[in-house]
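So the protein sequences, as listed, match chains A and B. Take any residue in the first sequence, note its place counting from 1, add 204, and you have its number in our numbering. Take any residue in the second sequence, note its place counting from 1, add 1428, and you have its number in our numbering.
Only true hints are included.
Calculated lysine to any residue pairs in the SDA-like style (CA-CA distance at most 20 Å, straight line): (1) A:K346 x A:R385; (2) A:K335 x B:R1481; (3) A:K346 x B:L1554; (4) A:K346 x A:I378; (5) A:K315 x B:N1466.
To spell it out: a stretch of chain A is covered by chain B in this simulated footprint if at least three of its residues, at any positions, have a beta carbon under 8 Å from a beta carbon of chain B; those stretches are: (6) 257–265; (7) 287–294.
Note that these hints are calculated values from the structure, not bench results. Since the structure is predicted, the reported quantities are computational estimates derived from the model, not experimental observations. Every residue, glycine too, gets a C-beta built ideally from N, C-alpha and C.
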Amino acid sequence: MSQPVIVARDLVKRYGDFAAVDGISFEVAPGESFGLLGPNGAGKSTTMRMVGAVSTRTAGDLAILGLDPDRFGPEIRSQLGVVPQADNLDTELRVRENLLVYGRYFGLPRKLVAERADELLAFAQLEDKGKAKVDSLSGGMKRRLTIARALVNDPRVLLLDEPTTGLDPQARHILWDRLFRLKEQGTTLLLTTHYMDEAEQLCDRLVVVDKGKIMAEGTPAALIRRYSSREVLEVRFGSDRNADVADQLAGIGDRLEVLPDRILVYSENGEAELERITSAGLHPLTSLVRRSSLEDVFLRLTGRSLIE
Amino acid sequence: MSEVRRSGSAAEGDAHRDPSATDAAPAVTRAALAAGRNPRRWGAWYVAEHRFRVMRSYTGTVVVAGIGSPLLYLYALGVGLATIVDGSVGAESVDGVSYLVFVAPALLASAAITVASEEFTYPIMLGYKWNPTFSGMHAAPIRPQQIADGVVLSVAVRMLVNTVLFFALMLVFGAVPSATGFLAVAVAVLTGLAFGAVLMAYTSTLEEDTGQLAMVMRFVVLPMTLFSGTFFPLTVLPLWLQPIGWISPLWHGTELARVFTYGYPEPIWLTVVHVAYLVAMFAVGWVWARRIAVRRLRK
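For reference, chain A alone in the conformation it holds in the complex (with noise of 0.2 Å):
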């Protein structure tokens, strides 16, 4: 077994008196997909600086391709990806020009550069925009050539922070059928996102992460298995009626969680909790039964929903 590519051990970043970070460790191992699972202002963002070796930590270790980012940076630099969370492509230069630009910057031939800036192209079904003006991209095009720039020196690590956020369902999805494929190639993936399903989709392995501290740490499914039950009863009485519901529900499921515009009930069987509810005389305005997600898990741990 080869050694991680990432090591964090005691990880944290003070601004002042606040701790973005507060000591987070975790590894990730060659090939792996990993991921920061949280909500905004979570410390994901600034995790991802620090390991992308733009950002210095305050205290703890770590340790990119086995090099101190802190006397390494450009080292580990050159063997990094990085999709941020906002784009930053050059919009005073065309598509193709972009990857040109970029890719000199780890020291390339421009004879290699301009290959790869068409193979890239191909990779993230932009061959026809090569000349096109950036802002004429849409926002999913946009993230696929960041995505491609990112690329551009075949690297060993792919950091994406937020790959999908502002992005219309299908743009997602052709974005995750992507970075699936480098997935498969072999590519380390690190990634921050606060959509579960992403995180379902995308990591082999993930941490919750909240006010700067890690709550849990797992798989996706061994996460669910551990912090949720199999289904969730979703029950709505109306935002007025709820809370009062709620205590007529005592002994229903493993466990109740009450939300201002509705109940959720955790159970192995779903359709049988609602059987009990309606036979005692409540009779919800909707009902939904599905399965558990991660989204169950951050609100168990947390008592907070994601997305806020």
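Take the given structure of chain A and dock chain B to it, following the hints.
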């Protein structure tokens, strides 16, 4: 501890190799160490390449302005205004030369200042904030200092192109009597960079442009152009106004350029002061701009 780390990271280790990381280290580590070599050495040049490509998109503007504006200025001042000046005070009574010869080196240095005030203002705001390409460069193996260096390098080249065009037109107009005149091109570039480096550092400190840059144009660049011995010798101003000229890089550059284009008589120590002042101003601005680059990009 954190302070030590921060200052260490600013230089990102200055490439001191860790022997333990090279010999017994795994292949991935060795590959990283090898791949870091080119960016460490040539990073600033890669940034300049990027800037040249951006400038290429406005080559037309650079060339048209580079030829058009000297033509306009040389005609308006060196021919038009000169007719009145030479007519009223005599053809050789400004420093003992015609008004055209007197004003041309000043216009040359001003042209470099104009390039500086274009390239070291909005493009810098753009790179840090509006279209943060500088963050993108830093996410690649480029160090913040190299970004500052690369921008300065690319602007120096553009300044050289502009001033060479300008100087060629000065020759056509017969505004360069002295054989050492070509040195005025180097003086103009130095003048532009001295002012430009400080301007770049200042722009780099701006988190937001709420009109500061327009104020710089109006209350720094314009007065500097008017009161730096550009259109009339500084000595005709009352003494209390002359310090504006002394602190102005444009005055130092203009006087120096005049020494080369028509042998303007000044003591040698003053010539040395002009050079020293411009070099010092450039050095201060450059070092300052590099430090701010580190501070802004490595939060």
